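Quick mapping for you: the protein sequence lines, in order, are chains F and A.
Each residue of the first sequence is one higher than the one before, starting from 1 at the first, in the numbering used here.
Each residue of the second sequence is one higher than the one before, starting from 1001 at the first, in the numbering used here.
It should be emphasised that the hints constitute simulated quantities derived from the structure, not laboratory data.
Note that this is a predicted model, so its numbers are computed, not measured.
C-beta: ideal position from N, C-alpha, C; glycine also.
Take the hints with a grain of salt, since some may be wrong.
Stated by the list, open to error - Label-pair ranges, simulated between beta-carbon atoms:
(1) A:Q1200 / F:F76: 56 to 62 Å
(2) F:Y301 / A:K1207: 57 to 63 Å
(3) F:I289 / A:T1071: 54 to 60 Å
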Amino acid sequence: MKSGQYNPGRTFGQVKQNWGLYALLFPAVVLTLLFAYIPMYGVLIAFKDYSPALGIGESPWAGFKYFEKFFNSYQFSSTIKNTMIISLYSMITFPIPIILALMVNQMRPNRFRRFFQTVSYMPHFISTVVMVGLMMILLSPSTGMVGNLYSLFGKEAPDLMGSTSLFSSVYVWSDVWQHVGWDSIIFIAALSSVDPSLYEAATVDGASRWHKVRFIDIPMLMPTAITLLILRVGGLLGVGFEKVYLMQNDLNGTSSEILSTYVYKIGLLSSQYSFSSAINLFNTIINFILLIMVNQISKKYSENSLW
Amino acid sequence: MGVLEPVVKESMGKIKNNRSSDSVMEIIMYVIAVIFLVILIYPLYFIVIASFSDPSAVAGGQVWLFPKGFTLDGYKELLRHENIWIGYRNTVLYTVVGTAIGLVVNISAAYALSRKDLVGRKYVSLFFIFTMFFNGGLIPTFLTIRDFHMYDTFLVMVLPFSVGVFNIIVARTFFQTSIPGDLWEAAQIDGCGNLRYFVQVVLPLSKAIIAVLGLWIAVGYWNSYFNALIYLKDPNLYPLQLILRNILITNQMQSGMGTGEAAQIALRLANMMRYSVIIVATVPIMCLYPFVQKYFNQGVMIGAVKE
Chain F
1 MKSGQYNPGR TFGQVKQNWG LYALLFPAVV LTLLFAYIPM YGVLIAFKDY SPALGIGESP
61 WAGFKYFEKF FNSYQFSSTI KNTMIISLYS MITFPIPIIL ALMVNQMRPN RFRRFFQTVS
121 YMPHFISTVV MVGLMMILLS PSTGMVGNLY SLFGKEAPDL MGSTSLFSSV YVWSDVWQHV
181 GWDSIIFIAA LSSVDPSLYE AATVDGASRW HKVRFIDIPM LMPTAITLLI LRVGGLLGVG
241 FEKVYLMQND LNGTSSEILS TYVYKIGLLS SQYSFSSAIN LFNTIINFIL LIMVNQISKK
301 YSENSLW
Chain A
1001 MGVLEPVVKE SMGKIKNNRS SDSVMEIIMY VIAVIFLVIL IYPLYFIVIA SFSDPSAVAG
1061 GQVWLFPKGF TLDGYKELLR HENIWIGYRN TVLYTVVGTA IGLVVNISAA YALSRKDLVG
1121 RKYVSLFFIF TMFFNGGLIP TFLTIRDFHM YDTFLVMVLP FSVGVFNIIV ARTFFQTSIP
1181 GDLWEAAQID GCGNLRYFVQ VVLPLSKAII AVLGLWIAVG YWNSYFNALI YLKDPNLYPL
1241 QLILRNILIT NQMQSGMGTG EAAQIALRLA NMMRYSVIIV ATVPIMCLYP FVQKYFNQGV
1301 MIGAVKE
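Take the sequences, apply the hints, and build the full model.
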C-alpha cells in the first residue's frame, strides 16, 4: 500500500506495535501541555478584567481596554524604541562570529588553534549575574579597569554603566565579548564539512587563500547564516529580560526600559495582571508576524526557510 | 613543449604571487587573533589576580599584571558567609536534578520523534515547535504555576521548564543521522521491544549527544536566576545566582551595616569578596566543559545540519 493513504486498521496496528515510542514521548508531551499550553489559555486575561477571586474563566470581559491603555501610555513608544534599538544594534554584530569562524578555519590545526577556541568559549560559561557584576566592577569610572586606564592618560572615564546614551553599546558589545566564540561554533562545524576536493581544485586553478575564503567558505556558510538570521529577526522584540534587568539603574532608566522588563514590573511588581499580559501578547504577536514575513522573504529569494 | 612553456611559467608566477600574499594574510590573521585573545582573556585574568590582591591596591589601579599585596581575605570572608553556602547547595541540587530530568525528558522524546514509523510524528513535532514561537507569557505562566501549588517549592526550579524544544530538535537530528534503521529491524526480529532497544542499544550509541545536551542544560541551570526571582520567596531555596545578585549588583551587603569604622571594614570586606565570589561561582561550571569537549564537535556538527 502506498504511504499517505489512510487505513485505520493499519494505523492502529502500528500505534499498538510501537506503544513503547509513545511511552517515551509521554513525559515531554504532558509537561508541555501543563506548562506551555495551559498558560496559553491564560492569555485570555489580556482581554479580561482579571480578578484572582473569580479566576480566568469567570472574570468579566474587558475587550481591548488594556491594549488601548498600553498604546496610549507614554511608556509605549519609549519601550518599543529601546527594545528595537538594542535588537537592531545586536543584529549588526551578527557577522562577527562568522568572521571568527572563517579565521579559525584558516588556522592550521595545532595547539594555538585549540587554545584560541577554548579561550573564546570560556566567557560563555559566565552567568548573566556574574557578567553584569563583572561589568560593574571593570567599567567603574572611579575604581574599575576602564577608570584606571583612562587615568593613566590623565583623562576622566565616562560612566559606562550609568549612561543613557551608551546603554545599548555597553549591552551589545559586552554580549559580543561573552558569546562570540560560542556563536562561532556552529559556523566552524559547517566549515569542517566542506568537501576538501573543492579546495584542491581551487589550488590547482591558482586561487589564493583569500579567494578560497571568498568563493568557497562564505557561500558554504550562507544557509546556516540565513537560518540563524531568520530566527533572530523573529525575536526582534524579544530582547531578553535577564541582562537588561540587571543592568538597569536610576541613571540609565530612560534608555534601559524594554518590553520584557516593563511586562515584569507591571505584572509582578505592581500586580496589574491583565495589563501586563496584554503588553506581552502584543509583543508575541509582533514577533510572530515578523518571523513569518522574514521566512517568506527568504523562501522567495534564497530557498532557505524554517519551514 | 616549447609552446606550452610561457603558459606554465605564467601560472607558476601566479601561484608564487599568491603564496606571498597568502603569507601576508596569515600574519595579519594571527596578529588579529592574538589581539582578540588578549581582549578575551585579560578581564578574566584581572578578576583572578584581583581576588588575591589587597582591595585598596585594586581600587587604586595598581593591579595590572600580578597580584599586589597578596591576601586570601576575600576567600576567607566568603567562607564565613553562610548565605553563599546555602545558595551553593541549592544550585548544585537544582543543577543535578534539573539536568537529569531534562536529559530523560528531551532525549526520550527526541528518539521517538526520530523514528519514521511513529504514527502522527509530524503533528507531535508541530505540537512542540509551536511553543517556540507562541507562549502564554510571564503572567499566565506564573498564574498556572501558582494554581498547581508549585510556587516557592523545590519542584518549580527543576520541572516546569525542562522540555527544551531546541534540544529535542538537535537530538532528533542526531538519532536520525547516526543510528542506522537496520539496527531496529534486526532487534525487532530478535523480539526486542522499543523500550529495551532504546535503553540497551540506542543510548550506549548516543554518548556524544547526551554529553552535549547535558552540558547545555547544566550550564543553563547553574546560571539561571530568572525563575528563582519570580517563583521563589523563601531565602532557604535561593540558588547561588540570586545571592550573587545581592552581593554583586544590588549591594545588599553594604547597606544596613551601620556607620563608622566597623562599616568601613565591612565595606572593604564586601568589595574584597566581589572578586572571590565571581571565581567560586564560575569555575565549577567551567570545569565541566573539558570533559565534554571531545564530544563537542560531533554533537554540534549535528546541530548545524539544517533540518
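Going down the list of hints, with the structure as the test:
Checked against the hint of 56 to 62 Å, the C-beta distance between A:Q1200 and F:F76 comes to roughly 58 Å, which is consistent with it. Remark: the range hint 57 to 63 Å for F:Y301 to A:K1207 is contradicted by a beta-carbon distance near 41 Å. Hint check: F:I289 to A:T1071, Cβ distance near 57 Å, so the stated range 54 to 60 Å holds.
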